[in-house]
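Just so we're aligned: the sequence shown equals residues -1 to 206 in the working numbering.
It is possible that some hints are incorrect.
Distance ranges between label pairs, derived from CB positions [to be verified]: (1) E109 / L134: 20 to 28 Å; (2) G108 / D162: 27 to 35 Å; (3) E182 / H115: 33 to 41 Å.
Honestly, the hints are just simulated from the structure, not real lab data. This one's a predicted model, so the numbers in the text were calculated from it and none came from an experiment. For each residue, glycine too, the CB sits at the ideal point set by N, CA and C.
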Amino acid sequence: MRMSELSRLSGVSVTTIKYYLREGLLPAGRQLSATQAEYDGNHLRRLRLIRALTGVRGLSVSTAREILGALADHTGDTHRLLGLTLGSIGPVEDSAEDSAERAEVDALVGELGWDVHKSAPARATLAETLGSLRGLGVPLDQGALVPYARLAERTAALDLDRLDGIDDPLELAERALLLTVLLEPALMALRRMAQENESARRHGDGRR
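Using the sequences and the hints given, assemble the complete structure.
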């Protein structure tokens, strides 16, 4: 396909495609002449993943380029590929590394028997959240988190079920990213609705 067709199918303007080509995010097409190149389905899938990384997840072009490069090195390792895409594996600046909360998160992961990378950003996020809650007088201990963690396990299984049967690495990465980032607001909305329903069940007088 020509660049105009690639633009139409992807929803990305020709100007932006040319920018991605210059920045090395999108590989060059097969040169037909001095001014014309041909692109294929791999370009389309990669372009959709670039849009997901920069538009949906909000990453910079340089960070997206690094992730795309890393993905190319791990296309045969689905676990690593998903971790890189979702940002769950890799170095992270962890201000809570030596805190009591971080130690408690590590203990929780051990109790659950989860295989979670030591530098997973979610570990730091959970530790910092625990610290903030305790600072506001709402302490949560390790035991209180276990039921929530078990619910998260079930959600994660549903997430990965939706990726079964996808063999193409770029398509797998794009689908995983979109399902995670775009589905999270829907999951939060469902939680809020469930809370309202539970409150009505426990405390309501039947009025609507």
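For each hint, the structure was consulted:
Taking the beta carbon of each, E109 and L134 are about 25 Å apart, inside 20 to 28 Å as hinted. Remark: the range hint 27 to 35 Å for G108 to D162 is upheld by a beta-carbon distance near 29 Å. A hinted range of 33 to 41 Å is violated for the C-beta pair E182 and H115, which are about 20 Å apart.
Hint 3 from the list above is the single one not met by this structure.
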